[in-house]
Amino acid sequence: MGAIVLRGGAPYGLDPHDIVVEDGVITEMTPSNQSGSDALDAEGVELELDASGCTVMPGLVDLHTHLREPGREDAETIATGSQAAAMGGFTCVHTMANTSPVADTAGVVEQVWRRGVEAGIVDVRPVGAVTVGLKGEQLAELGAMASSAASVRVFSDDGLCVHDPLLMRRALEYVKIFDGVVAQHAQDPRLTEAAQMNEGALSARLGLAGWPAVAEEAIIARDVLLAEHVGSRLHVCHVSTAGSVEIIRWAKARGIPVTAEVTPHHLLLTEELVESFNPTFKVNPPLRRAEDVHALREAVVEGTIDIIATDHAPHPREDKDCEWAAAAMGMVGLETALWVAVEVFIESGLLSWRDLADRMSTIPARIGQVPDQGMPIAPGSAANLTVWDPSAQGTLEVDALVGKSGNSPYLGRWMPGAVRHVLFRGRPSVVDGALA
Amino acid sequence: MLGKHLLSAGDLDRAQALMILDTTAELASVTERSVKKLPTLRGRTVVNLFFEDSTRTRLSFELAAKRLSADVITFSAKGSSVSKGESLKDTALTLEAMGADAVIVRHGASGAPYRLATAGWIDGAVINAGDGTHEHPTQALLDAYTLRSHICGGQGDLQGVHVVIVGDVLHSRVARSNVLLLHTLGAKVTLVAPPTLIPVGVESWPCSVSYHLDDALMQADAVMMLRVQAERMAGSYFPSTLEYSRLYGLDAPRLELMKDRAIVMHPGPMNRGLEISADVADSPRAVIVEQVANGVNVRMACLYLLLGGAGSQAGGD
Amino acid sequence: MVFLSSARVVLDQADISRAVRRISHEIVENSRGSDDLIILGIPTRGVPLARRIAETVAQIEGHPVPCGAIDVTLYRDDLRLREVRALEPTDIPSQGIDGCTVVLVDDVLYSGRTIRAALDAVHDLGRPAIVRLAVMIDRGHRELPIRPDFIGKNLPTAKDETVRVRFVEVDGVDDVMIDSESVGDVDAG
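Protein chains in written order, with the working numbering: chain A, 2 to 437; chain B, 1248 to 1564; chain C, 19 to 207.
In short, the hints are calculated from the structure, not lab data. Honestly, I wouldn't trust all of these hints.
Capping the alpha-carbon separation at 20 Å, the derived lysine to aspartate or glutamate pairs in EDC-like fashion look like this [to be verified]:
#, chain 1, residue 1, chain 2, residue 2
1, B, Lys1284, C, Asp109
2, B, Lys1284, B, Glu1309
3, B, Lys1284, C, Asp138
4, B, Lys1283, C, Asp138
5, B, Lys1251, C, Asp53
6, B, Lys1283, C, Asp109
7, B, Lys1506, B, Asp1462
8, B, Lys1283, C, Glu101
9, B, Lys1336, B, Asp1370
10, B, Lys1506, B, Glu1478
11, B, Lys1336, A, Asp24
12, B, Lys1336, A, Glu319
13, B, Lys1284, C, Asp30
14, B, Lys1313, C, Asp142
15, B, Lys1283, C, Asp33
16, B, Lys1435, B, Asp1462
17, B, Lys1313, B, Glu1273
18, B, Lys1313, C, Asp95
19, C, Lys177, C, Asp96
20, B, Lys1313, C, Asp138
21, B, Lys1284, B, Asp1318
22, B, Lys1283, B, Glu1299
23, B, Lys1283, C, Asp142
24, B, Lys1283, C, Asp30
25, B, Lys1313, B, Asp1348
26, B, Lys1435, B, Asp1318
27, B, Lys1284, C, Asp95
28, B, Lys1284, C, Asp33
29, B, Lys1251, A, Glu319
30, B, Lys1284, C, Glu73
31, B, Lys1336, B, Glu1279
32, B, Lys1435, B, Asp1404
33, B, Lys1284, C, Asp116
34, C, Lys171, C, Asp53
35, C, Lys171, C, Asp33
Given the structure is predicted, the values throughout are model-derived calculations rather than measurements.
Turn these sequences into a full structure, and let the hints guide you.
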């Protein structure tokens, strides 16, 4: 297998470099336009990728994706989801356990892991369920999943909340065996029965049952105190309210080992979009107010929210082509996550590319304990690299999405650039903006 | 004049609301004649698409359309979600194939008429006959017409009229539409209910809120009683129907507190004995039956104004 | 409505006054003194004209003559050609029209379609014994077999001309103008 050269891209948006990749590893990096770069034109270069004008990032790592397989292959498969992930610049995704059957045994997580390896486009890391069948009654075999070939380290009943405080305590305690982390979907079920959108003046006017912020905040408050009490790591999925941010800030100040994620859509979209009653904008947790969006952006900059995670949730067309109450909740997000992040944080100057790399690659890899992902762009690192081209702008069309489902809230929106190339373990998964 | 659809009372400005009421007044005389039919909408097809049981509203619209000589088809669909039979989309596509000029839709999901109006499945006008807990614009219009007849001599707007709306505001589309329309017409609105049945965010509504019925009644020119479902007890909205009636039910003693000329209204169907006592419902101050009659005329006016000219552009979409 | 300088007055206030008197006398003569006369004006400008005729007939006959308005919007056959029109008031005298002599009154008779609609409207209100038609101006170009019984003035016109009757009660002035240029929508507002 010959070398691959990535020419002229700027790692972390800094100075352009030529990067040589061999056998899955970055072997050489020299500044572009230096006479030394001629030495790279040796034989044995299998592929040269032009990255001039582009930014090079470590391959993105998603800590929260739904690949729907097994059970809902009509919406997405591990293969199509991997493709969507690659197009979005990801080299690793954690796929949630709310499949059918639920990923609550070593058997199912190994099946999912194996399908990911077969597709061979990104690292697919199965998330194990916390409770059997996601029923919230009994712990699943967390140990078996951890020791399986899938090597599960992140556990979540996402889709549902581990609402029983005793069970949540036990889970937090138990994962200490293998230094795992419980990722909580914070939603008190009793306060959100049949909820359709954020509770507030707008839901009152639209006649849609409300999902109050307190239903998220109360669970987070409880969980951080439990995590402190038993001395275990907690991760909070898709934080959506300003109040939640304050609680997490308080917890971190106390030294509680909590990490948190936010989705791209909660960083950009607000509940006013629900006025159209168009189920494209129906998601769980729901779109909230502008004040919440601002608090979440601040939290990402400050580090109170550690990472951006997509919560990519594909749904077939008939589950969205209906009245609001009947529609499924969720938006696809793998293919648009990076441009949302660029629009919100890079173009505004709120974050540098290095900071963004931390929040979309390094830290998620660390939370998920993924070897070889989120590594610094330097010789010796595993070659998981994403190249972002700011000149590849355009409007997002549904046909451009390679994932199986098109339930994106950004259709018709202007994108400030696109992923141009992606190297996964030293092999190209995306070349010139298309799947390799 | 009205835009292409009638989806929300909140979409009507003062001029449009008055246009509907004035047109209703002209059409009311038609109802009094022996020949009650007008040729105005002959050749037009109006579909009643009712996903929720409602004989009263459905018949009202049917009669209104027939009095204008439109052809009426009634489509009673049970079960709206995809899993329970034909989806809203497929139903709509079927109606479009049948050539519906207008679809009058009642649905259990808030926003369903908006989907019909904007998803591109049908071409005709959409009239909201009640969607979930969101709106019921023609009910608000007939309520406004009734108020105008009794309190304002049948003309003009409702400036200065004080209307008290009592009951399960949280789940009431009638309340929402009425608050919006009454405000547009210059009336003053007070909502009365236990706090559990008042929506969070009501501070942004153009009305006041009170938890005390007696005080509000003394200042009302009209009181509108909303239906309260006994099933709400399961959600712990109130401890018992008895306590609810004691605190918020309109009975004969409470009727005495009201101004002499104040009227009692109810969108129906009534829970006699729960939110309204039998003797109040049957008293001469209750105009409930008149509301029903006004309903047909108001719906005739809406159908005429939406379908009686060249098709207009869809408003705002 | 703004008229271009090509507009000319064909009837002034005095002419209109004389026409009303003559029409009223003709109606009285034609009805042979019957006391079941009802004058119904077609809105908008047929209404003030109907009122003037009813008052004049009352003067001639020595007793009041019932007068009202009948809006024909809901009976028109051309509704779908224009944006939906607001309804005008309909006011039928309380005794009804059964067995009466109804005189429909309008300002201008043109294609005849308005009167056809009015006949349908009258038909739904009851069964008059006789229906007659009085108009201030007959400008020709009938599209239906409708003819007026009482005419203020015959005014042959070209189809691209515009005829406008104005009454003090509605427009602040009495006259009839004809404009030989197509005015279109030159509305001052």
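Status of each hint after checking the structure:
no. : hint                   : verdict
1   : B/Lys1284 to C/Asp109  : holds (18 Å)
2   : B/Lys1284 to B/Glu1309 : holds (13 Å)
3   : B/Lys1284 to C/Asp138  : holds (11 Å)
4   : B/Lys1283 to C/Asp138  : holds (13 Å)
5   : B/Lys1251 to C/Asp53   : violated (49 Å)
6   : B/Lys1283 to C/Asp109  : holds (16 Å)
7   : B/Lys1506 to B/Asp1462 : holds (12 Å)
8   : B/Lys1283 to C/Glu101  : violated (25 Å)
9   : B/Lys1336 to B/Asp1370 : holds (13 Å)
10  : B/Lys1506 to B/Glu1478 : violated (33 Å)
11  : B/Lys1336 to A/Asp24   : violated (53 Å)
12  : B/Lys1336 to A/Glu319  : holds (9 Å)
13  : B/Lys1284 to C/Asp30   : violated (42 Å)
14  : B/Lys1313 to C/Asp142  : holds (15 Å)
15  : B/Lys1283 to C/Asp33   : violated (42 Å)
16  : B/Lys1435 to B/Asp1462 : holds (15 Å)
17  : B/Lys1313 to B/Glu1273 : holds (17 Å)
18  : B/Lys1313 to C/Asp95   : holds (18 Å)
19  : C/Lys177 to C/Asp96    : holds (18 Å)
20  : B/Lys1313 to C/Asp138  : holds (18 Å)
21  : B/Lys1284 to B/Asp1318 : holds (13 Å)
22  : B/Lys1283 to B/Glu1299 : violated (29 Å)
23  : B/Lys1283 to C/Asp142  : holds (8 Å)
24  : B/Lys1283 to C/Asp30   : violated (42 Å)
25  : B/Lys1313 to B/Asp1348 : holds (14 Å)
26  : B/Lys1435 to B/Asp1318 : violated (39 Å)
27  : B/Lys1284 to C/Asp95   : holds (16 Å)
28  : B/Lys1284 to C/Asp33   : violated (41 Å)
29  : B/Lys1251 to A/Glu319  : violated (27 Å)
30  : B/Lys1284 to C/Glu73   : violated (33 Å)
31  : B/Lys1336 to B/Glu1279 : violated (40 Å)
32  : B/Lys1435 to B/Asp1404 : holds (12 Å)
33  : B/Lys1284 to C/Asp116  : holds (18 Å)
34  : C/Lys171 to C/Asp53    : violated (27 Å)
35  : C/Lys171 to C/Asp33    : holds (10 Å)
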